[in-house]
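Asker: Here the protein sequences line up with chains A and B, keeping their order.
Note that our numbering gives residue 82 to position 82 of the first sequence, counting from 1, and the numbers run on in steps of one.
Note that our numbering gives residue 203 to position 203 of the second sequence, counting from 1, and the numbers run on in steps of one.
One should not assume that every hint holds.
[Claimed, not checked] Taking lysine to aspartate or glutamate pairs in the EDC-like style, the calculated list, with each CA pair at most 16 Å apart, reads:
(1) B:K75 to A:D352
(2) B:K55 to B:E130
(3) B:K75 to B:D125
(4) B:K140 to B:D167
(5) A:K316 to B:D137
(6) A:K316 to B:D133
(7) A:K316 to B:E142
(8) B:K55 to B:E187
(9) B:K140 to A:E314
(10) A:K316 to B:E130
(11) B:K75 to B:E130
(12) B:K75 to A:D180
(13) B:K140 to B:D180
(14) B:K55 to B:D180
(15) B:K55 to B:E214
(16) A:K316 to A:D352
(17) B:K140 to A:D352
(18) A:K316 to A:E344
(19) B:K75 to B:D133
(20) B:K55 to B:D182
[Unchecked claim] Just a few of them, taken from the derived set where beta-carbon distance is under 7 Å, the chain A residues facing chain B:
(21) R22
(22) R100
(23) L158
(24) A160
(25) P164
(26) P272
(27) Q273
(28) E314
(29) V378
(30) G379
(31) L383
(32) D409
[To be verified] Quick look at which bits of chain B chain A covers, simulated, 3 or more residues with Cβ under 8 Å:
(33) 82-89
(34) 117-130
Honestly, the hints are just simulated from the structure, not real lab data.
Even glycine gets a Cβ: it sits at the ideal position worked out from N, Cα and C.
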Amino acid sequence: MTTTADDTLAYLDSRPGPGEPRAYHFPRFSRSRLSNGVELITADLPGRPLLVGHLLLGGAGAGVTGEPAALAGATVLAARAMTEGTQRRDALALIEASERLGAEISADAGWDSLAVSVEVPRSRLEPALTLLAEVALEPSFPADEVERLRDERLNDLLQARAEPRRRVERAFAETVYAADAAYRRPAGGSELTVPALDRDVLAARHAAILRPSGATLIVAGDLTGIDVRALAERGFGGWQEPTAAAESGIGDSDAAAGGPGRVVVVHRPGSPQSELRIGHVGTPRRTPDFHAVSVLNAVLGGLFGSRLNALLREEKGYTYGVHSSFDMRVGAGPFGVRTAVQTEFTVPAIVDTLAELRRIRETPAEDEELAIARDYLVGVFPLRYESSGQVAGAIAGLVAHGLPDDELDRYRPAVAAVTPDQVLEAAQRHIRPDEASVVVVGDADAFLPALEAAGVGAVEVVREEAPEPEG
Amino acid sequence: MSQPSDRGPDLPNVRFERRRLDNGLRVIVAPDHLAPIVAINLWYDVGSRHEVPGKTGFAHLFEHFMFQGSRHVSKAEHMSLIQGAGGVNNATTFFDRTNYFETMPSHQLELGLWLEADRMATLLDALSQENLDNQRDVVKNEKRQSYDNRPYGSFYEKLMAAVFPADHPYHHTPIGSMADLDAASLEDVIAFFQAWYAPNNAVLTIAGDVDPEEGFAAAERLFGPIAANPDLGRAWPPAISPVMGAEHREVVPDAVPLVRVHFGYRVPAFGTDEYDALEVATQILAGGRGSRLYRRLVREERVAQDVAAFVLPLVGGASILAGWVTARPESDAETVERMWHEETDRLASEPVSEDELARARALIESAELGALARVEEVADRLSQATTYFDRPELVNEQLDRYLAVDAPRIQAAAAAVFRPDNRAVITYVPAAPTTDEDADADADAAATDSDEEAAA
């Protein structure tokens, strides 16, 4: 027989402390310019043979917020259509050419910019950059393919209505933002605007965005022995600034105008859970108290041990999990608490969440919860930047938001220096429970009287038509 | 140090060393100093496959207990200690195993290992009825969120139940039965721990900013004194025929706007040459925008909104190839099902072209390189290869295995799998929303219909 467990395991009585922290900095990157003004940024990551080339088309109005409301979805659909054929190749020839390189070429539009990127093993970077340039500079927008993408987007909107998590996100944006705010619209467009998007609309949108003066090419990965600059010059150097002046670059509305707080229930009979979103218009990325807001969110609902998760999941068992976040864009994206709770606990979960939003504004955070939040954010920072794609994406974020090159290196010391008072101030500035909207997708019949009695505001109920069975 | 020789710069080249502690714990250390972070990854050789009838869902419920404290860690403290140290962590339960993993700043390696060692050695000290009740509620909400309140959300349970017979443990998914969870007692949880959680039923991988000697020394110090279990549980899956034997058909009315047809086939287990061939076959079938199903159904004929096909890495004597087609509103289930079968039959009846094969290989190569760019994934793959096959070398060899697949192997593997008597076809059709009772009645009716069709 072995000795008793207690004797053998006495060594576990002492919890190991940390060792000496090892130095870290965000991967070094360097900037230069191609002959036509395109900015080139390279980040060398030894041991990462899958490279990323990321062309960011930025500048005012290059993203979704730059499109007029009547053509909502044009930017996202234009990006998607860029990989559907070029002046030199039809869609299939283009797809096959990239697949032969093992390259994934994708184009995506965000609120503030449009990006075309490719992931490829390092030995095939040169032909991959050539294809990337072709997709970015010479897309042909074939009418037939655009029509298909448009139909797929409309079908996707149907699917989104049936998926509670997507349904509630759309209802949340539509509740929090004012009627004419760009952030109120689905970035990919709605049932009303998508049918009007044809190849001419998309080609015009692309032409308005495409200019070398607002473009940045980011190449990240193991660049040992690769003359990236020469390859980039070959692919993109011939691209000239269009003669027409740039558009004003502003869509026809304030992207981030908010509305009054409301309580909206989208009735979905028989739902076993209620999808909940609680929040309001948040803050732009370039808020001066960015680091305090980051710590604030971690304490409130960013960590497993956050106030919201500790209460709603671990103590009450209402949910599998709850998170809060500030979606930080160039304009003020939404602040929201997100969770799915068992239907019978819908109202208690709403009441508890609103109480936590009030509490964090009233008293400073405990030293221990603040320490955990700060140490977490400082510690996980390097975990986010291991792959070429993660590094290129972070650099693209700096460019899109016009942040300085040392922003990422500044992050950890800035977070570590956040004080309890700064978190309290950030809470009082950025969390406003009295203006918060509450949006629920769930079985209204199961909780409506209780919700109306809960004193959270007048309840609007949306009863949608049931999906029609196919004829 | 295991280091593959003369590999090109673009090929996976994970360096690692391995040892076995006296208590049977297998330890792998894979140094990579790009960033000062380290991944700790612990696989226990127990999953839903090891559950017995009437106690399904236990492996997963148990996984939740592993976060509820142990002798030196109070309830919910586990996650706070990891996050407060600047780490991230999670755990997952699959059919064949349960894994626990954290990625930490490398100077916190010992804390991460201590947390894993404490719960491996002393979990039972912290078990309580209160924790059982609370985590049962959390798991039920996980099921509601991931399956019940999601369009098409029941497909996974239905496919596994159709492709594997009732007496085979893959017949049920890891989430298990809520009735079984309701019946779970503290004694059940204790018995599960005692049967399966021991150093000689686990693999520990440490990958990242750590030197092998440092890693092995820390593992020995923190795990070495934990006693082996000389009486581990045993659960061998029963022998299973390589094919299902009859087609299974089912129609499921659900709150969905678009018809979706799900397909499932019984296939050889992960680790076989045939499985590798099917991995490449699914890439050619539906793996990218140039794949056969995408090209024909989505792009050319425009009958489908999306397509998918994949194999699951199951090792218990057989596995599953699954896929689906979501029909466009103007199309229908019959059309998309017919085209799916035409394309799978074509894989079985004629060799794939050299160009298709070359494209599939290039895409698989890029996907492998991308996956191995993160220490968390490197650690998970090393644990997997060691738990299933006792061969960590597979982390570097798996890509070669895929690249070695040729057209005749794909055709032979496809011919053995894509047969009418080896497939489940589960069709979701739009139904008006109903009350819970009605929905259950519909599901029962659909199941009855399908049984009759299968028997016919």
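Asker: Does A:D180 sit within 16 Å of B:K75, going by the straight-line distance between their CA atoms?
Answerer: violated, 48 Å
Asker: Is the shortest C-beta separation between A:R22 and chain B less than 7 Å?
Answerer: holds, 4 Å
Asker: Closer than 8 Å, Cβ to Cβ, for at least three residues: run that test on the segment 82-89 of chain B against chain A and report holds or violated.
Answerer: With 6 residues closer than 8 Å to chain A, the segment 82-89 of chain B meets the three-residue bar; holds.
Asker: Is the straight-line distance between the alpha-carbon of A:K316 and that of B:E130 16 Å or less?
Answerer: holds, 11 Å
Asker: With a cut-off of 16 Å on the C-alpha distance, tell me whether A:K316 and A:D352 pass.
Answerer: holds, 10 Å
Asker: The hint names A:Q273 as touching chain B; please verify it with the least Cβ-Cβ distance against 7 Å.
Answerer: Hint on A:Q273: holds, closest Cβ of chain B at ~5 Å, below 7 Å.
Asker: Mind checking the alpha carbons of B:K75 and B:D125 for me, to see if they're no more than 16 Å apart?
Answerer: At roughly 11 Å apart (the allowed maximum being 16 Å), B:D125 and B:K75 satisfy the hint.
Asker: Given the proposed pairing of B:K55 with B:D180, does the C-alpha separation stay at or below 16 Å?
Answerer: holds, 5 Å
Asker: Identify whether the interface hint at A:P164 stands, where standing means a beta carbon of chain B within less than 7 Å of its own.
Answerer: The hint holds - A:P164 has a Cβ within 7 Å of chain B, the shortest such distance being about 6 Å.
Asker: Assess, step by step, whether the Cα of A:K316 is no farther than 16 Å from the Cα of B:D133, and give holds or violated.
Answerer: The given pair, whose Cα atoms are some 11 Å apart, holds under the 16 Å limit.
Asker: Under 7 Å, Cβ to Cβ, is where A:L158 needs to be relative to chain B, so tell me if that hint holds or is violated.
Answerer: holds, 4 Å
Asker: Have a go at the A:P272 hint: is there a Cβ in chain B nearer than 7 Å to its own Cβ?
Answerer: This interface hint holds because 5 Å falls under the 7 Å limit.
The earlier numbered hints that this structure contradicts are 1, 2, 4, 12, 15, 17, 24 and 32.
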